[in-house]
Amino acid sequence: MLNRIFALMIKEFLALLKDKRSRTVIIVPPLLQLIVFGYAATYDLNRVPYAIYNEDPGAASRELAARMEGSPTFHLVADLQNDSQIAPMINTRKALMILHMGPHFTRDLLLDQSSKLQVIVDGRNSNTAMLALGYVRNIVSRFSEQWASEHGGVRPPARLNIRTWFNPNLESRWFIVPGIVGLLTLVVTLLVTALSVAREREAGTFDQLLVTPLHPVEILLGKVMPGFIIGSIEASFIILVAVFWFHVPLLGSLTALYTGLFLFLLSAIGVGLMISSIAVTQQQGLLGAFLFLVPSIILSGFATPIANMPPFMQDLTLLNPMRYFLVIIRSVFLEGGSVSLLWPQYWPMAVIGMVNLSIAAWLFRHRLY
Amino acid sequence: MKTMKHPDSTRRSAGMRLHGMIRKETLQILRDPSSIAIAFVLPLVLLLIFGYGVSLDAEHVPIALVVEHPSAQTSSLTSAFYHSAYFDPTGYPHIRQAEEALREKKVDGIVWLRDNFGGETLSAGRSPVGVFVNGVDANNARIIQGYMEGVWAKWLEQFSAAQGMSVEMPVTLEQRIWFNPGLRSRDYLVPGLIAVIMTLIGALLTAMVVAREWERGTMEALMVTPVSVREILLGKIIPYFILGMGGMLLSVAMAVWLFQVPLRGSLWVLLGTSALFLLVALGMGLLISTLAKNQFMAGQLAIITTFLPAFILSGFIFDIGSMPAAIQWITRLIGARYFVAILQTVFLAGHVWPVILANSLALLIMGVIFLALVKRRTQKRLE
Numbered sequence: 001m002l003n004r005i006f007a008l009m010i011k012e013f014l015a016l017l018k019d020k021r022s023r024t025v026i027i028v029p030p031l032l033q034l035i036v037f038g039y040a041a042t043y044d045l046n047r048v049p050y051a052i053y054n055e056d057p058g059a060a061s062r063e064l065a066a067r068m069e070g071s072p073t074f075h076l077v078a079d080l081q082n083d084s085q086i087a088p089m090i091n092t093r094k095a096l097m098i099l100h101m102g103p104h105f106t107r108d109l110l111l112d113q114s115s116k117l118q119v120i121v122d123g124r125n126s127n128t129a130m131l132a133l134g135y136v137r138n139i140v141s142r143f144s145e146q147w148a149s150e151h152g153g154v155r156p157p158a159r160l161n162i163r164t165w166f167n168p169n170l171e172s173r174w175f176i177v178p179g180i181v182g183l184l185t186l187v188v189t190l191l192v193t194a195l196s197v198a199r200e201r202e203a204g205t206f207d208q209l210l211v212t213p214l215h216p217v218e219i220l221l222g223k224v225m226p227g228f229i230i231g232s233i234e235a236s237f238i239i240l241v242a243v244f245w246f247h248v249p250l251l252g253s254l255t256a257l258y259t260g261l262f263l264f265l266l267s268a269i270g271v272g273l274m275i276s277s278i279a280v281t282q283q284q285g286l287l288g289a290f291l292f293l294v295p296s297i298i299l300s301g302f303a304t305p306i307a308n309m310p311p312f313m314q315d316l317t318l319l320n321p322m323r324y325f326l327v328i329i330r331s332v333f334l335e336g337g338s339v340s341l342l343w344p345q346y347w348p349m350a351v352i353g354m355v356n357l358s359i360a361a362w363l364f365r366h367r368l369y
Numbered sequence: 370m371k372t373m374k375h376p377d378s379t380r381r382s383a384g385m386r387l388h389g390m391i392r393k394e395t396l397q398i399l400r401d402p403s404s405i406a407i408a409f410v411l412p413l414v415l416l417l418i419f420g421y422g423v424s425l426d427a428e429h430v431p432i433a434l435v436v437e438h439p440s441a442q443t444s445s446l447t448s449a450f451y452h453s454a455y456f457d458p459t460g461y462p463h464i465r466q467a468e469e470a471l472r473e474k475k476v477d478g479i480v481w482l483r484d485n486f487g488g489e490t491l492s493a494g495r496s497p498v499g500v501f502v503n504g505v506d507a508n509n510a511r512i513i514q515g516y517m518e519g520v521w522a523k524w525l526e527q528f529s530a531a532q533g534m535s536v537e538m539p540v541t542l543e544q545r546i547w548f549n550p551g552l553r554s555r556d557y558l559v560p561g562l563i564a565v566i567m568t569l570i571g572a573l574l575t576a577m578v579v580a581r582e583w584e585r586g587t588m589e590a591l592m593v594t595p596v597s598v599r600e601i602l603l604g605k606i607i608p609y610f611i612l613g614m615g616g617m618l619l620s621v622a623m624a625v626w627l628f629q630v631p632l633r634g635s636l637w638v639l640l641g642t643s644a645l646f647l648l649v650a651l652g653m654g655l656l657i658s659t660l661a662k663n664q665f666m667a668g669q670l671a672i673i674t675t676f677l678p679a680f681i682l683s684g685f686i687f688d689i690g691s692m693p694a695a696i697q698w699i700t701r702l703i704g705a706r707y708f709v710a711i712l713q714t715v716f717l718a719g720h721v722w723p724v725i726l727a728n729s730l731a732l733l734i735m736g737v738i739f740l741a742l743v744k745r746r747t748q749k750r751l752e
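Sequence order for the protein chains is V and D.
Note that the numbering used here has the first sequence beginning at 1, numbered continuously upward.
Note that the numbering used here has the second sequence beginning at 370, numbered continuously upward.
Do not rely on the hints blindly, as some may be mistaken.
[Unchecked claim] Examples of chain D residues lying across from chain V (beta carbon under 8 Å, computed):
| hint | residue |
| --- | --- |
| 1 | V498 |
| 2 | D506 |
| 3 | G515 |
| 4 | R545 |
| 5 | I546 |
| 6 | N549 |
| 7 | L632 |
| 8 | D688 |
| 9 | I696 |
| 10 | V721 |
None of these hints come from the bench; they were simulated from the model.
Ideal Cβ positions, reconstructed from N, Cα and C, are used throughout, including at glycine.
Same shape as in the complex, but just chain V (with noise of 0.2 Å):
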């Protein structure tokens, strides 16, 4: 039996990798893919274009705009001399945000203890805005709380003393590349899988298959093993370039990593079977393909929490192999999660890959077409 398998396994494999160009889809654009991706998706601004309106002819408001101008977050990109220059600047996306002051900037902060900083800002990307307000404000508050202790104002009120665990300076990258281990994983299991079973059928060498001694089962485990053999050394690769390249900390087992990366793979390619099985021809497998891949991903918790979702949204995210997988991987890079702690992750995933992959066996015989 072993030996039938291994023979099948071996002409999916000439399948998947004698042609050179089918050869290069599946390995080149991955990896090339995961480093524009892991350089590409951030929510960490970066020169983010402003221009500054300054109607004071007085000093505080230059040294405000020096701190801003200091500020590697920001890129002043204009100088605007009159009001009707506000409107196109942000219209035309030239600057996502104009500070203004008023020509009594100066004047107000030593006579009164207080001035107005208007600022504009874009709201089309409103993560971007809220997170450069965010910005914007504390260079404010840092130049406040200084004039004041400089000039004898109020004392500055009491602070939130913050501190953020697991990841301290909040970069966004040790979130998301990680995330994009198991987004590469899943797309190639998938470019594997999912139109393995179709294909045959089209062309009728699932017939031929299906009249040989070979048992359903063994069927099933020639083709699961290319997906399987293909998918954990991508994605060793790309969890290697995770933390040598992109320096993402590991401090986790790599059981706990593996043993997440078993189950995730298993639960990916019995999905793709089981769609290439349900499939008649290799377009609606594609269209399978499609339709799982893009929301399993867009709901998976890799760019917006799904705790931001509506409930029952929530729940449909159970069914999701991929939700278990990020959680998995993120914790184990960042938290140091272990085994024991991702229990509750782990056994979803089984569950869905077995339940995919006795369908799709039986469907291997009594799909009707």
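Use these hints to put chain D onto chain V, whose structure you have.
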């Protein structure tokens, strides 16, 4: 014999041939309803799921509240947290238990009112309140911190006013947020989602149609007919273009009526730019289909080159301006990038012509390049 023909009749027969090609494709679409499903059911389902599922607005964040010495002041601060829509606090008797809960992800943050909380410490620039936030999801952590600062600042102001003190800082920030004053993330995510979904649909509709004909040998059969390459391609594009525009209209209707995204520009500008984008998306699908020898390969290429790049590199969710310069150049190759910029502007800001025209021009250039490449590759295959 050809030269004898009246020019008008050749034009008429060209029209007939194109008409025939369109008819053939339309019949093919109608026989296998999966294309119609892709164009209409897919945007409906995806936009429904994502419109509700994708949000960056945290609400009811579970936090732990630890009060070491309960007093009137601590209870007024804790009730500020209990009343905030952003938080869902649970009281913990001791910081140890709260830290345990943070570690087990039962809560996302801790607000810890230390034993020196009150009176003196509230005005002296000290920090009698410790806050811990789970920083794994850095963006979310930053948002939660912002909300906490907000609750704190508001409470402190009320508290100081009651004590007859002023906490006003020398410089106060007066913020004006244009286009989306409530900072609803859905307002910018839904237009972006339309671009991502239409990228998928464009590719799914066409990625396999040419590859299928090559694989089955019917393309060669078409080649020996008097139908020109241009007519074959037009015959393939026009029916799918109409399907795609239908899907686009459906998406816009859902964005406006279901998700209440304001549409400040006009529908005509939206449809005009959508047509350009659809040309790019369909052209890309056709190119994939032409380059791949078979459907298997075309399917794999479509999965790799459409969804993830449109999702991550289009500026739909991750700000392009903050990416490293080299990556920003790569994003210029992604058609969805231009469409996202147009959609976010037309929906939220209205007719900002410099933005709309520049991005439309980019789409036009991409579309022409894709279609020209498709045409060239198809001709080469003839020999």
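Hint check:
no.: 1; hint: V498; result: holds, 5 Å
no.: 2; hint: D506; result: holds, 5 Å
no.: 3; hint: G515; result: holds, 6 Å
no.: 4; hint: R545; result: holds, 5 Å
no.: 5; hint: I546; result: holds, 4 Å
no.: 6; hint: N549; result: holds, 3 Å
no.: 7; hint: L632; result: violated, 14 Å
no.: 8; hint: D688; result: holds, 5 Å
no.: 9; hint: I696; result: holds, 5 Å
no.: 10; hint: V721; result: holds, 4 Å
Going down the numbered hints, you'll see the structure goes against just number 7.
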